[in-house]
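Given only the sequences and the hints, what does the whole structure look like? Please build it.
Protein chains in written order, with this note's numbering: chain A, 1 to 104; chain B, 105 to 208; chain C, 209 to 312; chain D, 313 to 693; chain E, 694 to 1074; chain F, 1075 to 1455.
Note that these hints are calculated values from the structure, not bench results.
Fair warning: this is a prediction, and the values are worked out from it, not measured in the lab.
Heads up, some of the hints might be wrong.
[As the list claims (entries may be wrong)] Using 27 Å as the maximum straight-line C-alpha spacing, the simulated DSS-like pairs for lysine-lysine come out as follows:
{"hint": "1", "chain 1": "F", "residue 1": "Lys1285", "chain 2": "D", "residue 2": "Lys355"}
{"hint": "2", "chain 1": "A", "residue 1": "Lys33", "chain 2": "D", "residue 2": "Lys354"}
{"hint": "3", "chain 1": "F", "residue 1": "Lys1085", "chain 2": "E", "residue 2": "Lys1074"}
{"hint": "4", "chain 1": "F", "residue 1": "Lys1117", "chain 2": "E", "residue 2": "Lys949"}
{"hint": "5", "chain 1": "F", "residue 1": "Lys1285", "chain 2": "A", "residue 2": "Lys40"}
{"hint": "6", "chain 1": "F", "residue 1": "Lys1330", "chain 2": "D", "residue 2": "Lys354"}
{"hint": "7", "chain 1": "F", "residue 1": "Lys1285", "chain 2": "D", "residue 2": "Lys354"}
{"hint": "8", "chain 1": "E", "residue 1": "Lys736", "chain 2": "D", "residue 2": "Lys523"}
{"hint": "9", "chain 1": "E", "residue 1": "Lys949", "chain 2": "F", "residue 2": "Lys1455"}
{"hint": "10", "chain 1": "C", "residue 1": "Lys241", "chain 2": "E", "residue 2": "Lys978"}
{"hint": "11", "chain 1": "F", "residue 1": "Lys1116", "chain 2": "C", "residue 2": "Lys248"}
{"hint": "12", "chain 1": "B", "residue 1": "Lys137", "chain 2": "D", "residue 2": "Lys523"}
{"hint": "13", "chain 1": "E", "residue 1": "Lys904", "chain 2": "F", "residue 2": "Lys1116"}
{"hint": "14", "chain 1": "D", "residue 1": "Lys355", "chain 2": "B", "residue 2": "Lys144"}
{"hint": "15", "chain 1": "E", "residue 1": "Lys949", "chain 2": "E", "residue 2": "Lys904"}
{"hint": "16", "chain 1": "B", "residue 1": "Lys144", "chain 2": "E", "residue 2": "Lys736"}
{"hint": "17", "chain 1": "C", "residue 1": "Lys241", "chain 2": "E", "residue 2": "Lys1013"}
{"hint": "18", "chain 1": "A", "residue 1": "Lys33", "chain 2": "F", "residue 2": "Lys1285"}
{"hint": "19", "chain 1": "F", "residue 1": "Lys1117", "chain 2": "E", "residue 2": "Lys904"}
{"hint": "20", "chain 1": "D", "residue 1": "Lys523", "chain 2": "D", "residue 2": "Lys602"}
{"hint": "21", "chain 1": "E", "residue 1": "Lys735", "chain 2": "D", "residue 2": "Lys568"}
{"hint": "22", "chain 1": "D", "residue 1": "Lys693", "chain 2": "E", "residue 2": "Lys704"}
{"hint": "23", "chain 1": "E", "residue 1": "Lys704", "chain 2": "B", "residue 2": "Lys137"}
{"hint": "24", "chain 1": "D", "residue 1": "Lys568", "chain 2": "E", "residue 2": "Lys736"}
{"hint": "25", "chain 1": "F", "residue 1": "Lys1117", "chain 2": "C", "residue 2": "Lys248"}
{"hint": "26", "chain 1": "F", "residue 1": "Lys1420", "chain 2": "F", "residue 2": "Lys1117"}
{"hint": "27", "chain 1": "E", "residue 1": "Lys904", "chain 2": "C", "residue 2": "Lys248"}
{"hint": "28", "chain 1": "D", "residue 1": "Lys568", "chain 2": "E", "residue 2": "Lys895"}
{"hint": "29", "chain 1": "D", "residue 1": "Lys568", "chain 2": "A", "residue 2": "Lys40"}
{"hint": "30", "chain 1": "F", "residue 1": "Lys1117", "chain 2": "F", "residue 2": "Lys1330"}
{"hint": "31", "chain 1": "F", "residue 1": "Lys1455", "chain 2": "D", "residue 2": "Lys323"}
{"hint": "32", "chain 1": "D", "residue 1": "Lys658", "chain 2": "D", "residue 2": "Lys508"}
{"hint": "33", "chain 1": "D", "residue 1": "Lys632", "chain 2": "D", "residue 2": "Lys602"}
{"hint": "34", "chain 1": "D", "residue 1": "Lys514", "chain 2": "B", "residue 2": "Lys137"}
{"hint": "35", "chain 1": "C", "residue 1": "Lys241", "chain 2": "F", "residue 2": "Lys1116"}
{"hint": "36", "chain 1": "D", "residue 1": "Lys523", "chain 2": "E", "residue 2": "Lys895"}
{"hint": "37", "chain 1": "A", "residue 1": "Lys33", "chain 2": "F", "residue 2": "Lys1276"}
[To be verified] Just some of the chain D residues that point at chain E, by a computed CB distance under 10 Å:
{"hint": "38", "residue": "Met414"}
{"hint": "39", "residue": "Ala545"}
{"hint": "40", "residue": "Leu566"}
Where is the CB? At the ideal position from N, CA and C, for every residue including glycine.
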Amino acid sequence: MSLFESLQIALFGLVTVFAVLVALSIAISVESKIFNFFVKKKDAKPSAEPKEQTVKANLTDIIPGQLKLIDVDEKTAAMIMAIVSDESQIPLSELNFKYIKAID
Amino acid sequence: MSLFESLQIALFGLVTVFAVLVALSIAISVESKIFNFFVKKKDAKPSAEPKEQTVKANLTDIIPGQLKLIDVDEKTAAMIMAIVSDESQIPLSELNFKYIKAID
Amino acid sequence: MSLFESLQIALFGLVTVFAVLVALSIAISVESKIFNFFVKKKDAKPSAEPKEQTVKANLTDIIPGQLKLIDVDEKTAAMIMAIVSDESQIPLSELNFKYIKAID
Amino acid sequence: MTYSFADTLVKIWEMSGFATITWQQLVMILVSFVLIYLAIVKKFEPLLLLPIAFGMLLANMPMTGLMDGPLGDQPGGLLYYLYQGIELGIYPPLIFLGIGAMTDFAPLIARPSSLFLGAAAQFGIYIAFFIAIALGFSPEAAAAIGIIGGADGPTAIWLTSKLAQDLLPAIAIAAYSYMALIPMIQPPLMRLLTTKKEREVKMEQLREVSKTEKIVFPIVVTVLCILLLPSVAPLIGMLMLGNLLKESGVTERLSKTAQNELMNIVTIFLGITVGSKAVGETFLKPETLKIIALGLLAFAFSSIGGLLLGKLMYLLSGGKINPLIGSAGVSAVPMAARVSQVEGQKANPNNFLLMHAMGPNVAGVIGSAVAAGIFFALFGK
Amino acid sequence: MTYSFADTLVKIWEMSGFATITWQQLVMILVSFVLIYLAIVKKFEPLLLLPIAFGMLLANMPMTGLMDGPLGDQPGGLLYYLYQGIELGIYPPLIFLGIGAMTDFAPLIARPSSLFLGAAAQFGIYIAFFIAIALGFSPEAAAAIGIIGGADGPTAIWLTSKLAQDLLPAIAIAAYSYMALIPMIQPPLMRLLTTKKEREVKMEQLREVSKTEKIVFPIVVTVLCILLLPSVAPLIGMLMLGNLLKESGVTERLSKTAQNELMNIVTIFLGITVGSKAVGETFLKPETLKIIALGLLAFAFSSIGGLLLGKLMYLLSGGKINPLIGSAGVSAVPMAARVSQVEGQKANPNNFLLMHAMGPNVAGVIGSAVAAGIFFALFGK
Amino acid sequence: MTYSFADTLVKIWEMSGFATITWQQLVMILVSFVLIYLAIVKKFEPLLLLPIAFGMLLANMPMTGLMDGPLGDQPGGLLYYLYQGIELGIYPPLIFLGIGAMTDFAPLIARPSSLFLGAAAQFGIYIAFFIAIALGFSPEAAAAIGIIGGADGPTAIWLTSKLAQDLLPAIAIAAYSYMALIPMIQPPLMRLLTTKKEREVKMEQLREVSKTEKIVFPIVVTVLCILLLPSVAPLIGMLMLGNLLKESGVTERLSKTAQNELMNIVTIFLGITVGSKAVGETFLKPETLKIIALGLLAFAFSSIGGLLLGKLMYLLSGGKINPLIGSAGVSAVPMAARVSQVEGQKANPNNFLLMHAMGPNVAGVIGSAVAAGIFFALFGK
Ligand code: NA
Ligand code: NA
Ligand code: NA
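In C-alpha cells, the structure reads:
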C-alpha cells in the first residue's frame, strides 16, 4: 500500500468515525428533545425519581464530604457501610456516603 | 396427516400424559406411605425439624400480617429485612416477615 | 509388561516424584532465604502486615475459644456473625470469631 | 489495486445497512421495539423477552453476518456460535436444571392428586395440535405449536428446536407473552366455569412433608418418567437433578450456582439466539399470526382443562377441592398459582389458595415436559 | 402411512424403558441409589459423588440417547456434549484453577520439608500400579488405577480420561469414596505405625510467611515442575494460576469466580458426565471390584508411605517432627490434615497439628499431579 | 519392548524442558516475569495483564503441547481449546456485554457533544496506522496496530484476532499497559496544549437524565451504528445489550451476571489465551518493539486529538467547555476521566470535571469500536 493510499484511508477513517459519532450525537439530541417535549406535556416534575438524582449526587460527592447520621448511631452506620462495601465490592475508601438515615 | 389421525394422536397424547402423571401420583403416594410407616416406628416427632415448618409458615404468611419484634428494636429489624431482601433478591414488598427475634 | 518392568517403572516413578518435590523444596528454601535477606536489609518488621497474622491466628483459633466483644452488644455481634457466615457460605458452627470490635 | 477515496466511500455505503435494508427487516425491527416495550414497560417475562427482542433487533440489521456459519477458514458470526447451544439441545435442559433447583415440590408431594390437574391442564396442547393440523401445518409444526399450551418456555423452545426450527421465535415469543398475560387470560374463564360456591371453598391445610420425601421425590420422578418415556430424559433428568441438588442439603453451592449464575448466562444466550432466528423471511408469514392465535387458544383450553378436572375433583371430594386451583396446572410458575390465589380471595377474603395451587402448578411443569417427550417420540428425527 | 392408535401404543411401549431395560441397567440403577445414599446421608464428598451418581442413573435408563454422538445432521445427546469437557481434558484443569484459588500454601512455604512427605505419600500409587500389572491390567489401566492412591479427584479423572476412559467412573468413584473414608482408613494405620511418644510431639510454631513469598511460590512451582515434567502443565499450570490470582491481591474478582461459580459449573458438568460413563457393560465387570480393592490398597500404602517418612523425619529432627503429619501427605485436602489433628489431640490434648499437617497436605496435591504427569509422559498417546 | 530404567530416564530427560528450552523461550519467560511484576506491584490493569503474563509463561515452557491442535483422535491442548473463544470472535463481545452492563451513559446523554470528543480522540489510531504503513507493515497489521490508539482492550483484541493474529499478544499487552500508564502519558500533553485559564474553567452542572432516555439510548446507538457500519455489530450490539439489561431495570439478575461472573470467566480465558500466543518466534522480532513504540504514539496522538477538539469547543462555546475533558475521549474508562479531574483540580481546587469527562470517556468506547468496524470492513476477510 502506498503512503498516499494509507493517508487517504487514515483520513477516510477519521472522517467516518466523526460522521458516525456526530450522527449519533444528533440522534440523541433529537430523541431527548422529543422525550422532554412529551414529559413537559404530562406533568411538571416527573423526572424527580430517586434514580435520576444519583448523577447530581455523584457530582457533589467528590468533595471529601462529611457523613451525616440521621437518627442512626455510629455503630449501625459502620455496619451499613461495611455491608454496602462488601456487597458492592467497592473498597470502603472509595465509597462516599452522603448520609445514613434510619427508616422510621 | 388426516384430521382423524390427528384427533387420534391428540387423544393418545392426552391419555399418555394422564397415564404418566397418574402413575407418578401413585408412586409418590406409595412412597410417602412407606416412609411414614417407617417414621412412625422410629419415634413420635421426627419431622419437627425447622425446615419442615417453612411449608406451614408459607401458608399462614399470606395473611397480610403484623410483624412481631421480639427483643429487637425497629432499626435492627429494618436492617435485617433489607439484608434478607438484598440477599434473596426478592423486593421487600414481596417478602413477609412473621417475626424478628433476637438471639440471646 | 513383565513384573520386573513394572517394578522398575514403579521405582522410577517414585524416585521421580521425590526428585521433583525435593527440587521444589530446595527452590522454595533458597527463594525464602533470598527474600528474607533483602527484607532484613530494608527494615526490622516489614512482615507484620495483618495478612501474615492470619496463619498464626488460625493456629490458636483451634482452641475452642471465647468470643470477646469489645464495645459491641451481643445483638450486633450475632448479626455480624450471621452476615459473615452467610456471605462466606461457611456454616456458623465452623466459623471461629476471636473478637468483634466496634469501629469508633 | 489503487486506492480511491470515492471508491471506499461507495464500498462502505454499499456495505452499510441503509443501502440494503429490506422492508421485512424494517418491520421486524419495529416488532422488536414493540417486544422491548412489552418487556420493559409491561414487564412481560422480561428476563427472556428482552434478550429475545434484542436478538431479533440484531438479526434484522442488514449485512452484519452475525448469524452466518463458518465459511472455509473464516469463522462464523457471534450469534451463530451462541445458537449452537439451542441447535444441540443444551440450553433448555440447563435452564431446567436451574428451575429444578428453585422449585419446591412439597405442595405436590403433600397432595399427589395435584398431578391429575397438572395433566388435565395440558388439554390445550392437543386442541391446538388438532386445529393446527386442520389448518394445514405439518405434524412437526403442529406439535411445536401445540406445546405453547404447556405454558412452559424452555420446554417449548426445546421441542421446537427439535421439530420445527423455523417457528422457534414465533413459538417462544407466544409462549412467554401468554405466560405474562395469564392474569388476563385465566380469570374470565375461571369465573365462567366455576360457581361462587365452588370458588369460596377453603381447602384443608397441607400436611408437612419430610426432608426424606423431598429427596426421594426427584429420584422417583426421574426413574418413572424416563422409564415410561425415554425421550423426556434431558428435560426431566435435569429438572430433577436441580431439585435433588437443592433438597439434598449437601450440595448447596452447586444448587445456588445452577439457579443463579449458570441460569443467567444460559438465559442471556438462549434469549438473544432465539430472537436471532426471527428474520423477516421466516417470521413475516401468515403462519406467524396463526401460531399466535393458536397459542392463545392453547392457553385458554389448557386452563379450561385444568378447571374442568378441578370441578370434577370438587364433586368427587365432596367439596373439599377448590376448582380454582385447576387452572394453575398449566404451569407458568408461579404466575398461574397467584391468579388462583387472587380469584379465591375475591370470592372469600379468608381463602388462601396459593400453596394449594402450587401443587398443580409445579405438576404442570412435569406435565408439559411429558407432553413434549411424547411429541418428540412420535415426530422426532 | 395410516395412523393407528394401537400401533402408536406399541411404538411408545417398544421405545419405553420397561420393554428394553437390561439387568445390567437395573443393577447400575441400584448402584446409583447406593451412591446417592452415601453422598447425602453419609456425606461422602457429595459435591462430586451426587452428580456422579445422578449421571450414572441417567446413563442407565434405557433408550434415552443422552450419550449418543451426533449422527448425520441429527445432534447428539446432552451428556455427549457435556462430556466433551472431559474428553478434551478441559474440566479437570479448570477445577484445579478453582482449587488453586482456594488453597493457602503458606504452611508449605514455611516448612518446605513438607514436600518430602507429600512425595512419600504417593507411595501407594506405585504399589497399586505394580499389583495391577500383576493382575493383568494394561500399563495404561494400571497407571490410572494407581493414581487413585494420589487421593486427588481431578488428577485421577484427568489421567484416566487420557489413558483408560472405560475405567473412568470406577476410578472416580473409588477416589472420591476413599477420600470421604479417610477418617476411617488412616487412624488405625497411624496408631499401628507410630508410638504414643511420637504422636505426643508438639511441633514448633510455623514462621510467618510474607506476601511476596506467597506470590513468588506459584511462579516457582510452575516453572520448575513444568520444566522438569512438561506433561504436568495443564494441572500444575492451572493450579498455580488460581493460586496466583488469589495471592496477588489484585485480581480478587477473578479469584472469587474461579473458586465459586466457574468451579461449581464445571463440577456439575464433570460429575454427571463422569457418572454417565458408568454403563453396565463396562462397569459390571470383575475389573471394577479389582479397581475398588486396589484403590483401597493404594490409599492405605500412600498413608503408610507418608507415616514412615514422618517417622524418619522424627528421628532425623531429634523428635521435632510429629510423624502423624505424614499421612496428611496423601492430599485429600483438608480431610487428611484434620485426621492428623484429631489423632494428635487424642495423644496429647494440647497438641494442635492442623497447620503443620496442612503443609504435607497441599504438597500431596502437587505430588499426585507430578505422579500423573509421569504416567502420562510414559503411557500417553 | 523391554523396559530399561536408563532408557526411561533418558526419555524423560529428552522430553523435559531443560533439554529442549530455547533462548527465545527463556527470554519470553523473563518477559512474562516483568509483566507479572507490572501487574501485581505496579497494578497495571492486573485483571487482564496477570492472566496474559501467566499465559505467556505457560506457552513458553517447552514441550507442554498446551497450544497444540487435535491430531487424529488425540485431543488438543487445554489452551488450544480455550483459545477458540478468541479465534471465533466470542470472548471480546462477551466482555463488551459486561462492560455495557457496568457503564452509565447518562453524562453522554446529558451532553451529546461529548461524542465529538470521543471521535477526535481516535486521532492517534490513524496516525499510527499511517506510520505503520510507512514502516512496511501490511495494511491488516497497520490497522491492528493503529487500534491500540483506541485505548480499549477488547476492541483491540477483537480486531487483531480478525486481521493479524500473530500480533495479538504484542498489541494486547501494549493496549493494556498504556491504559495503565494514562496518568503518566496524558498530564504533560494536557499542560502543554492548554492554558491555565482554560484548565480553570468550571463547567455547568449536567442536566438530569430520565430513565426513559437511558433505556432508549442503547437501542438508538445499536440501530444507528449498525446500520451505518454493519461490521461493528458484535461489539456495539453486545455493549448496548449489556447496557439495556442494566438500564431496563427489569433484568437485574442478568445484568449482574453479565458484569460479574460471566465477565470474570471470559476475562480469565481471554487473558491466558492471548498470552499463550506470545511464543518466542513471533514475539521476539523487531516488529514487537515497533508495535510498542507505535502504540505509545497512538495513545499520545489520540489524547492530543481530544485535547485539540476540546480547545476548539472551548472557543466555540465561549469558554464554557474545559478542554481537559477532551483527553478523556480516548476511552480507558474510567482512568482517563480521573486524570481530567485531577488536572482540573490542580488548576482550580474547586473544579470537579469527573462527571463532565465521563461523557467523552464512554463516547471513546463507542468511537474506537466504530474505528475497529471501519478497519474490519476495509481489510477483513
Ligand atoms: Na404445563
Ligand atoms: Na496426593
Ligand atoms: Na477509544
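Of the hints given before, which are not true for this structure?
Those not satisfied are hints 9, 10, 14, 20, 23, 28, 29, 33, 36, 38.
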